[in-house]
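*Asks:* Respectively, the protein sequence lines represent chains A and B. According to our numbering, the first sequence is numbered sequentially starting from 1. According to our numbering, the second sequence is numbered sequentially starting from 1.
If you're looking for bench data, these hints aren't it; they were derived computationally from the structure. This structure is a prediction, so every number in the text was calculated from the model and none was measured. Please note: incorrect hints may appear among the correct ones.
Note that identical chains are pooled: a pair holds if it fits in a single copy or bridges any two copies.
[Said to hold, decoys possible] Derived pair list, reagent style DSSO-like, types lysine-lysine, alpha-carbon separation capped at 30 Å:
1. Lys47 / Lys91
2. Lys47 / Lys2
3. Lys77 / Lys120
4. Lys149 / Lys47
5. Lys82 / Lys116
6. Lys47 / Lys82
7. Lys91 / Lys51
8. Lys55 / Lys149
9. Lys120 / Lys82
10. Lys116 / Lys26
11. Lys47 / Lys26
12. Lys149 / Lys51
There are 2 protein chains.
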Amino acid sequence: MKISLVWPGKTRNVNYWTLQRDYLEKIRPWAQVSLIETPEARGLEEKWVDKILEKEARGLEKYAEDGYIICLSDTGKELNSKEFADLIEVKGMNQGCQLVFLVGGFLGLSPRIMEKAHLKLSLSRMTFSHELARTVLLEQIYRALSLIKGYAYPK
Amino acid sequence: MKISLVWPGKTRNVNYWTLQRDYLEKIRPWAQVSLIETPEARGLEEKWVDKILEKEARGLEKYAEDGYIICLSDTGKELNSKEFADLIEVKGMNQGCQLVFLVGGFLGLSPRIMEKAHLKLSLSRMTFSHELARTVLLEQIYRALSLIKGYAYPK
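Chain A on its own, in the form it takes in the complex (with noise of 0.2 Å):
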């Protein structure tokens, strides 16, 4: 199975960077699972939010062409766990797909790169800050590797 992770610029919390990281050498051994830390809009102001969403969109929409793409989204569809893990399944196993998730910088995904999307995922009611949301997402992807390969999830 194929994992995609793609997101703007890095994660710049050492911890929420580790926890990341941690998570990704865990989900390796059951999927082939990379990371592309795709170009941030840098020197613009919060203001300038069309700018710097569009700036980022450059260097995301390459990677939202093929594959089934889950955008996160605060007003996406939520799912529990199990839901969640039953997607990655039927799709990223059973109909063999890439599964690319793409995640916003601090401001989000442009429009047009969450148009692209074939889901668009809520982790939670809750806004979280885009740093926390990757780990979370990160969390859930080996939270539902373990949940398909019947292990019991590590807590």
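Fit chain B to the supplied structure of chain A, relying on the hints for placement.
*Replies:* Chain B in isolation, oriented as in the chain A frame:
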């Protein structure tokens, strides 16, 4: 405003723990926040779930007597970040209640602790590990206080 977080045992993963401690430090200028680590049940196999929860309940129960009690629960009520901030503002600031957040260990909270909750709160439809849940909760308390105090949340 007084906020207590009460949970059995320490957070063992050093990265989750460092994040939790960092959020506690960020919350401290805005609220009298305290973290209480009650005894955890050790040396019992997971199949003794009732015994484990009962043993941990004995450490937790005295903190579930006073104040506005919020128990984290997978099957609790979901709030968005604005609704969560409103709750903190109304109960913790306007009504002057001490806010007591109870978070379970790796098997959750005993039903008899859960009964004492004024609110059962779910952070997501997804199941999070207890160490992740504690981190998400602290991030949301920090986000809520930033909102209430009128600061832009640092992303």
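*Asks:* For every hint, state whether the structure bears it out.
*Replies:* Structure-based check of each hint:
Neither within a single protomer nor between protomers do Lys47 and Lys91 lie at most 30 Å apart by alpha-carbon distance, with minima of 38 Å and 34 Å respectively. In this assembly of identical chains, Lys47 and Lys2 lie within 30 Å of each other by CA distance neither inside one copy nor across copies; the values are 37 Å within and 35 Å between. For a Cα distance limit of 30 Å, the shortest separation of Lys77 from Lys120 qualifies both inside one copy, at 6 Å, and across copies, at 22 Å. When the C-alpha separation of Lys149 and Lys47 is checked against a cutoff of 30 Å, the pair qualifies only between copies, where the shortest distance is 21 Å, while the shortest distance within a copy is 45 Å.
In the homo-oligomer, the alpha carbons of Lys82 and Lys116 lie at most 30 Å apart both inside one protomer (25 Å) and across protomers (29 Å), since each shortest distance falls under that limit. Taking identical chains as interchangeable, the C-alpha atoms of Lys47 and Lys82 lie at most 30 Å apart only when they sit on different chains, with a minimum of 22 Å there against 39 Å within one chain. Proximity of Lys91 and Lys51 under a CA criterion of 30 Å is satisfied in neither setting, with 34 Å inside one chain copy and 40 Å between copies. Taking identical chains as interchangeable, the C-alpha atoms of Lys55 and Lys149 are never at most 30 Å apart, the minima being 39 Å within one chain and 32 Å between chains.
Proximity of Lys120 and Lys82 under a CA criterion of 30 Å is satisfied in both settings, with 17 Å inside one chain copy and 21 Å between copies. Taking the shortest alpha-carbon separations for Lys116 and Lys26, only the intra-copy value of 29 Å comes in at or below 30 Å, while the best inter-copy value is 38 Å. In the homo-oligomer, the alpha carbons of Lys47 and Lys26 lie at most 30 Å apart only across protomers (25 Å), although the nearest pairing inside one protomer, at 38 Å, exceeds that limit. For the identical chains of this complex, Lys149 and Lys51 are inter-copy neighbours only, at 29 Å across copies versus 43 Å inside a copy, given an alpha-carbon limit of 30 Å.
When the structure is compared with the earlier hints, violations turn up for hints 1, 2, 7 and 8 and for no others.
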